[in-house]
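Asks: Chains as they are written, first to last, in this note's numbering: chain D, 73 to 224; chain Z, 73 to 224; chain G, 73 to 224; chain A, 73 to 224.
Hints listed in this document are in silico derivations from the structure and should not be mistaken for laboratory results.
Where hints are given, some of them may not hold.
The calculated DSSO-like cross-link candidates involving lysine-lysine, where the alpha carbons are at most 27 Å apart (straight line), are [said to hold, decoys possible]:
id : chain 1 : residue 1 : chain 2 : residue 2
1  : A       : K149      : D       : K189
2  : Z       : K160      : Z       : K142
3  : A       : K149      : Z       : K149
4  : Z       : K129      : Z       : K149
5  : Z       : K129      : Z       : K222
6  : G       : K129      : G       : K189
7  : A       : K160      : D       : K189
8  : G       : K203      : Z       : K149
9  : G       : K129      : Z       : K149
10 : A       : K160      : A       : K222
11 : Z       : K189      : G       : K142
12 : G       : K129      : G       : K149
13 : Z       : K160      : G       : K189
Predicted model only: the values in this text are computed from it and were never measured.
4 protein chains.
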Amino acid sequence: MSQLQDSTAVQPLRVSQTVSWGHCDPAGIIYTPRVLDYAMETLETWNREILGVPWFKLNRELSMGFPTVKAELDFVKPPAVDDVVTLKLDVVALGRSSLTTLVTGQDSAGEDYFRVKIVSVLISVPEYTSKEIIPEFRQKILAYQAACEKIN
Amino acid sequence: MSQLQDSTAVQPLRVSQTVSWGHCDPAGIIYTPRVLDYAMETLETWNREILGVPWFKLNRELSMGFPTVKAELDFVKPPAVDDVVTLKLDVVALGRSSLTTLVTGQDSAGEDYFRVKIVSVLISVPEYTSKEIIPEFRQKILAYQAACEKIN
Amino acid sequence: MSQLQDSTAVQPLRVSQTVSWGHCDPAGIIYTPRVLDYAMETLETWNREILGVPWFKLNRELSMGFPTVKAELDFVKPPAVDDVVTLKLDVVALGRSSLTTLVTGQDSAGEDYFRVKIVSVLISVPEYTSKEIIPEFRQKILAYQAACEKIN
Amino acid sequence: MSQLQDSTAVQPLRVSQTVSWGHCDPAGIIYTPRVLDYAMETLETWNREILGVPWFKLNRELSMGFPTVKAELDFVKPPAVDDVVTLKLDVVALGRSSLTTLVTGQDSAGEDYFRVKIVSVLISVPEYTSKEIIPEFRQKILAYQAACEKIN
Numbered sequence: 073m074s075q076l077q078d079s080t081a082v083q084p085l086r087v088s089q090t091v092s093w094g095h096c097d098p099a100g101i102i103y104t105p106r107v108l109d110y111a112m113e114t115l116e117t118w119n120r121e122i123l124g125v126p127w128f129k130l131n132r133e134l135s136m137g138f139p140t141v142k143a144e145l146d147f148v149k150p151p152a153v154d155d156v157v158t159l160k161l162d163v164v165a166l167g168r169s170s171l172t173t174l175v176t177g178q179d180s181a182g183e184d185y186f187r188v189k190i191v192s193v194l195i196s197v198p199e200y201t202s203k204e205i206i207p208e209f210r211q212k213i214l215a216y217q218a219a220c221e222k223i224n
Numbered sequence: 073m074s075q076l077q078d079s080t081a082v083q084p085l086r087v088s089q090t091v092s093w094g095h096c097d098p099a100g101i102i103y104t105p106r107v108l109d110y111a112m113e114t115l116e117t118w119n120r121e122i123l124g125v126p127w128f129k130l131n132r133e134l135s136m137g138f139p140t141v142k143a144e145l146d147f148v149k150p151p152a153v154d155d156v157v158t159l160k161l162d163v164v165a166l167g168r169s170s171l172t173t174l175v176t177g178q179d180s181a182g183e184d185y186f187r188v189k190i191v192s193v194l195i196s197v198p199e200y201t202s203k204e205i206i207p208e209f210r211q212k213i214l215a216y217q218a219a220c221e222k223i224n
Numbered sequence: 073m074s075q076l077q078d079s080t081a082v083q084p085l086r087v088s089q090t091v092s093w094g095h096c097d098p099a100g101i102i103y104t105p106r107v108l109d110y111a112m113e114t115l116e117t118w119n120r121e122i123l124g125v126p127w128f129k130l131n132r133e134l135s136m137g138f139p140t141v142k143a144e145l146d147f148v149k150p151p152a153v154d155d156v157v158t159l160k161l162d163v164v165a166l167g168r169s170s171l172t173t174l175v176t177g178q179d180s181a182g183e184d185y186f187r188v189k190i191v192s193v194l195i196s197v198p199e200y201t202s203k204e205i206i207p208e209f210r211q212k213i214l215a216y217q218a219a220c221e222k223i224n
Numbered sequence: 073m074s075q076l077q078d079s080t081a082v083q084p085l086r087v088s089q090t091v092s093w094g095h096c097d098p099a100g101i102i103y104t105p106r107v108l109d110y111a112m113e114t115l116e117t118w119n120r121e122i123l124g125v126p127w128f129k130l131n132r133e134l135s136m137g138f139p140t141v142k143a144e145l146d147f148v149k150p151p152a153v154d155d156v157v158t159l160k161l162d163v164v165a166l167g168r169s170s171l172t173t174l175v176t177g178q179d180s181a182g183e184d185y186f187r188v189k190i191v192s193v194l195i196s197v198p199e200y201t202s203k204e205i206i207p208e209f210r211q212k213i214l215a216y217q218a219a220c221e222k223i224n
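The following block holds chain D by itself, in its conformation from the complex (with noise of 0.2 Å):
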């Protein structure tokens, strides 16, 4: 299969999440760190649906691990319960062993509750240590990144 086969074929990712009673501290919004929950939760989902591999198999069959090194939180207006956030997924940067992803939540109107910049880094396991990300997954990555820029 060619890859333009694949570009045309990939969808960007939207996931939607209602604000639970749980997921709200007294002052009745969502408690802050549960927008890292929510924006790692997309990611998960992200790399089992995009790229094919959930983080299990990833860890426990292919002997590799995608940790996250660093991430910057930006909190525009705080959902509130029962609200239904839209979460989107977009790659910023694809470097050797780095993969920098923005995900959004965003309410019904298109404006953003908050934005999150996750950094991960691909590794071999049990070594910790660095490693090129695989073309296979370097393929799909280009592939989403080029689905998500015909709609932007």
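Based on the hints, put chains Z, G and A in the right spot on chain D.
Replies: For chains Z, G and A alone, coordinates are given in the frame of chain D:
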């Protein structure tokens, strides 16, 4: 060292937990499932400090596990933000493979916030079959039970 | 609209939950207290979609609450990372002020992962005194119960 | 009481946190978003003990809030199950309405596990508009900063 000396040395476990902002829901009281978190962390501490074997060591070095098969929670009055909960653990029953413990969360006046009964079963890993509680654990559990009865 | 029509329209609630990396412990299976999280979020969804009143609205606009007074968890087999849990909710008993529900988590073959029985009591806020379940809720609960019985 | 005496009395905050089984993921290390939980709970303790105003009292009695507008996390090495993390908090910058703090998590040898920079902004509630940091807080923040500098 004799069992008598052990029994004298063992102290009933007390864990203090301040209810944080993020543990509470928009009603300003502890979010219900957090009570089970508090109870399980108390049981984990008890395994580490009283049985002398943290769960990770039990799992990876001794090829055993102590999973929960049943839990019963009674909510008497909900602690609120900044309340300090004192958690104590009592041994309720000790079977061939199973251990029943009761974690009680109390306020500073000794009144109950909640009671959590947990039934754990010792298993072999990775077979996941029940296993007779080993003599070393049994002796420590009985010594702990005796120490608790003295102060009740 | 007659109750008969209601009963026809109501569908038994099914919630699908993929077990994420962060929901699991170092043994690779769901961390015990997460099961109560899953059950409570199912009950919350049921309040929002079947009773038609999210907890936040219940609390802030209607001056009521529906706190949990008792919960019983049976762990049959633990779901692992990337497993998909189907959660269903059945009404077990309906008293003057109390509602007993059973949330069951199942695998794709319909086998139980866990069962969680939750007793909730309707209260007036901020008095925190029990309150007779209002006719609107009672009718919807009975219609839901009837709809579930048809498929069991 | 003079500011000098305050400054002498204030001690840099140290919080000790044992990494529990439920805080870790199937790789046996802390689940990434938990690091932000640890940092936020340290900041909450600092508000309670150093500023002398728990968030709940700030919100409900003083009609103020201190929400996070930005957070930056650097993961140096991940703590694993049963590791003890010592958390310390330093004041990095103090603006008109904003406070920048740095929470560092370290092992027993003083090496960093992670660093979390948090920017908070004082607001009026329920208007949600930024507000000049009140003199009582400013004085305590500066006294704390001076106390930390003495030991660094």
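Asks: The structure should be examined with respect to each hint, and the outcome stated for every one.
Replies: Against the structure, the hints:
| no. | hint | in the structure |
| --- | --- | --- |
| 1 | A:K149 x D:K189 | 19 Å, holds |
| 2 | Z:K160 x Z:K142 | 19 Å, holds |
| 3 | A:K149 x Z:K149 | 41 Å, violated |
| 4 | Z:K129 x Z:K149 | 36 Å, violated |
| 5 | Z:K129 x Z:K222 | 31 Å, violated |
| 6 | G:K129 x G:K189 | 24 Å, holds |
| 7 | A:K160 x D:K189 | 25 Å, holds |
| 8 | G:K203 x Z:K149 | 17 Å, holds |
| 9 | G:K129 x Z:K149 | 22 Å, holds |
| 10 | A:K160 x A:K222 | 14 Å, holds |
| 11 | Z:K189 x G:K142 | 12 Å, holds |
| 12 | G:K129 x G:K149 | 36 Å, violated |
| 13 | Z:K160 x G:K189 | 25 Å, holds |
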